[in-house]
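Undergrad: The listed protein sequences correspond, in order, to chains R and H.
1 is the number of the first residue of the first sequence in this note's numbering; add one for each residue after it.
1001 is the number of the first residue of the second sequence in this note's numbering; add one for each residue after it.
Treat the hints loosely; a few may be bogus.
Claimed, not checked - So these bits of chain H aren't anywhere near chain R, every CB distance computed over 10 Å:
id: 1; residue: 1126
id: 2; residue: 1147
id: 3; residue: 1214
id: 4; residue: 1305
id: 5; residue: 1468
Unchecked claim - Rough simulated footprint, nothing fancy, chain R against chain H, three-plus residues with beta-carbon under 8 Å:
id: 6; stretch: 1022-1029
id: 7; stretch: 1073-1082
id: 8; stretch: 1112-1119
id: 9; stretch: 1416-1429
id: 10; stretch: 1476-1482
id: 11; stretch: 1497-1506
For the record, the hints were derived by calculation from the structure and aren't laboratory data.
From the three backbone atoms N, C-alpha and C, an ideal C-beta is built for every residue, glycine too.
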Amino acid sequence: MSTRDGTGAAVVIIGGGVTGLSAGWWLARDGVDVLVLEAGAIGWGASGRNGGGCSHHHSPLFREEQRLWPLLDELLGHPTEFQPERIRIALDERQLALYRQALENAARQGFRSEVLDPAQVRELVPLAGEDIAGGYYYRFGGHANPHRTLQAYAWALCDRGGRLLQHTAASGFDTRGNRVVGVRTSRGTFACDQLVIAAGPATADLASLLGVGVPLMSARAEMIVTEPLPLMRLGGVDGNGLYGRQTLRGNLAYGGGPHEWVETADVGFTRPYSTPLQSSIARRLCQLLPKAAHARVIRSWAGFIENTPDGRPIIDRPGTVENLTVATLSSVGFGLSPASGRAIRDLVTTGACGFADLSSLRLSRFAGLEPDWRQLQGWLPGAVGAGE
Amino acid sequence: MLAVPMKSRAHAPIGRDRASVAGKQPPIEESTDLLIVGAGPAGISAALTAVAGGARVTLVDENPVPLRTMGEDVPLHFGGRMAPTVANRNAVLESILRARPQLAEAIEAGVDVRLGTAAWGLFPQRRTARWIDGHVAGLADEDRAYLLRFRQVIVATGCRDMGVAFDGWQRPGVMGASAAYKLATLYEALQSRTAVLLGGSMEALQIGNALLNAGVRIAAIIEQAQSIPGPAALSARLAAGGARILTGHVIERTEGDAQGVAGVRLARVDAEGRRSAAQLERIECDTVLLAVAAIPAIELLEATGCSVDFQAGRGGHVALIDGLQRTSVPFLYAAGDCAGIWPSKTQSDATASREGRIAARAALQALGAKPAGLEEEAPVSVDPETRDIEGERLAWVRALTLHCAGAPFVCQCEEVTAAEILGLSPPRYLRWRHEAADTGRLVAADPGCAPHPDVVKRLTRAGMGPCQGRRCREQIAALVALGSRRRLADIALASYRPPVRPLPLAQLAALPEAPAMGEGWESWFGIASQWVPFWRTPPAYTVAGGRGEEPAAGE
Chain R
1 MSTRDGTGAA VVIIGGGVTG LSAGWWLARD GVDVLVLEAG AIGWGASGRN
51 GGGCSHHHSP LFREEQRLWP LLDELLGHPT EFQPERIRIA LDERQLALYR
101 QALENAARQG FRSEVLDPAQ VRELVPLAGE DIAGGYYYRF GGHANPHRTL
151 QAYAWALCDR GGRLLQHTAA SGFDTRGNRV VGVRTSRGTF ACDQLVIAAG
201 PATADLASLL GVGVPLMSAR AEMIVTEPLP LMRLGGVDGN GLYGRQTLRG
251 NLAYGGGPHE WVETADVGFT RPYSTPLQSS IARRLCQLLP KAAHARVIRS
301 WAGFIENTPD GRPIIDRPGT VENLTVATLS SVGFGLSPAS GRAIRDLVTT
351 GACGFADLSS LRLSRFAGLE PDWRQLQGWL PGAVGAGE
Chain H
1001 MLAVPMKSRA HAPIGRDRAS VAGKQPPIEE STDLLIVGAG PAGISAALTA
1051 VAGGARVTLV DENPVPLRTM GEDVPLHFGG RMAPTVANRN AVLESILRAR
1101 PQLAEAIEAG VDVRLGTAAW GLFPQRRTAR WIDGHVAGLA DEDRAYLLRF
1151 RQVIVATGCR DMGVAFDGWQ RPGVMGASAA YKLATLYEAL QSRTAVLLGG
1201 SMEALQIGNA LLNAGVRIAA IIEQAQSIPG PAALSARLAA GGARILTGHV
1251 IERTEGDAQG VAGVRLARVD AEGRRSAAQL ERIECDTVLL AVAAIPAIEL
1301 LEATGCSVDF QAGRGGHVAL IDGLQRTSVP FLYAAGDCAG IWPSKTQSDA
1351 TASREGRIAA RAALQALGAK PAGLEEEAPV SVDPETRDIE GERLAWVRAL
1401 TLHCAGAPFV CQCEEVTAAE ILGLSPPRYL RWRHEAADTG RLVAADPGCA
1451 PHPDVVKRLT RAGMGPCQGR RCREQIAALV ALGSRRRLAD IALASYRPPV
1501 RPLPLAQLAA LPEAPAMGEG WESWFGIASQ WVPFWRTPPA YTVAGGRGEE
1551 PAAGE
């Protein structure tokens, strides 16, 4: 691998979101010369705009996700605000049936949960109300603070000799044979032995420059935050079609409900604006936690998020470019990041993930995908009116 | 879950994503041609001009502000100095109409005037947010929140006061100068007998004189600089009314009783802001007027996406406007103090009113109305730059906050000190192992770039509280500039987000929504295949083969 000379690195990672930063940190702690390039500021995309949940029992990375989160503060040397466990409240029978799937998936992998009756929910969740069908207490998972975690990865990466360059947008590649040898950016070209593209919505465009087709579509989603309220025993309380948490400071931070498909070309450096959708989120939060109805909403935010056609991640080495690894977590990346970063490190350094079976996350599963899949799935932006 | 694809005329069959926002526009009953936010001199002039030109005009003003909101120092730093009469909404409405006689004229002329109505967001359709047609404003009065459609909007939201932390600045009685002015003149409800004025700029002296006229005794003008920056005539008038002129001084601390401030202890500072060891002098007062800087109130403009920049001649961060008061957002105009504050504009309402008229004329033209009989006016220009507002603000923060004996909270809501801001320290409730405050971290957070206050905010929580950063935003920017040895103008503005006024969940929740909103509500994208456990996922995915999955709960 090339020596560190300031104009390149053994591994260049495009994308300073949680996935790229975690991968960079895992590589740096192994002593690999790694450089993370971020087009804007770290976590500017979906990584900094999510509910902070860490309970993805459907994923092949679940076990590792669960193992790593309780250790992460110590491993990184900076706080993530991780809090274990989660209660999910169902207000009706449909939600009760839906949320039950988590129990079965988790149980199969050796994780415990409990079924709660309405009285037990109210006992555990002081802000809950009367109209409850039931709930589940997941003795796994939990939540962390996305921004704090992002910065923790970034600091930990740098503490271990890795490098991070923000405001450095990748615009093209130098190749030699089937290999990428350089990344062209707004700050010059950086040589690389290995390249990881983990650039959120921009992943598809960047990979296509190397002849690798990654089917992705971008969307906008929204969240709201209230003023701080007295801390509940467990902050990881959600349900009623919402995800989110009471932060350790006491704020209620929740999202959920409809997304809006947007053209990736429109995402660029556009700020993700929130809309009156915040009212519909507020309405469902009032139903979920009626005793918080007086709390004042002090912020809302939106984020741009990419999805693959089946909503599952791609973490793969496409092969047509020998030294390329592509990663998109398809709208569920924050919680899985400790494990996804480790998986990417494994792919980059040994060619295969040493702790989980990533065969369900191969890019090749889309080989027969209909070219007009976006239309077929209704994943298209709406029309823009004439306006003023 | 996917619906069965339907035949479309021109292209491939189009599926429907029932979990997306498509087709879920909220019902919006009310509409107007021109919305004007803020019924001060600029807003009222704009309304009178536009209604004369034949437009349907809706003029909203958040005063009277709900008492609870005032108690949180929103939208101004009221410092708890509201007289009990503010609870009497009708009395306040009457005093507002007395203070602004042109409001009656506007109502008479057919303007739809809505007092006690705050605009908490402007939501234009844009490429990345298309689901609601046209332009929509989020409004809220004391009990309800609602949406109003508009075609053009003039924002005339005035100004607020820069906060600066010193020991005891959290005491009731420490308040913004313009908050005091508004309470005295608009609400007739300022509970203050004796005040000290912290700051000697034109804006500060102007308010000091207005409060003197309203019966408040101004005991002293306290200015960190070695001379009073504002006009001598204005400080002389205050001196004649009994005010001591104390240049080269800062407040060391407030001293208080059950009612809040009872006095201040002063310290002498030199030109570098360093304090002398001389004995601290005490001045009796019940109020400290923060008049270090008047800040254009741009939260609605910035949150809507207007291009914003630091313009020293306009008093700091303002929306970029052209000669017609147009911002970078085509249907949005800024007028009055929120479009910029400079000394000659502060001296009378004439400039603000003119800006309102210019904006209204431009809006009328955009609406296709004929501004018949309305005289065209030359664009407003700012004063030739004579003041170094960057230097002034940095000097205040250095002298008052950085050289302060204690460690006052710069962000009162989240209780964050200057050292914690400069060291990017995690909040104390995390009980993270203590690291010595290290400004290197602030600079290293994004090497080569000025530290961004949004990053400071996320890591330290400074600026994230219920006052929405109104009391600390400019101080934090100044601290970041001092800590990174950069110009204040190089420090970005921490972003604003709707709702730009705190709104109770229950009130926000009451906006009507389309029935389809409930039918397709999913906690995440509603992509069934996303949640199929990895041991059951098929080896290949196509749209045709991917249908038929059971609904699954997103995580």
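Undergrad: Hint by hint, say whether it matches the structure.
TA: Hint check results:
no. : hint      : verdict
1   : 1126      : violated, 7 Å
2   : 1147      : violated, 6 Å
3   : 1214      : holds, 31 Å
4   : 1305      : violated, 7 Å
5   : 1468      : violated, 6 Å
6   : 1022-1029 : holds (count 3)
7   : 1073-1082 : violated (count 0)
8   : 1112-1119 : violated (count 0)
9   : 1416-1429 : holds (count 3)
10  : 1476-1482 : violated (count 0)
11  : 1497-1506 : holds (count 8)
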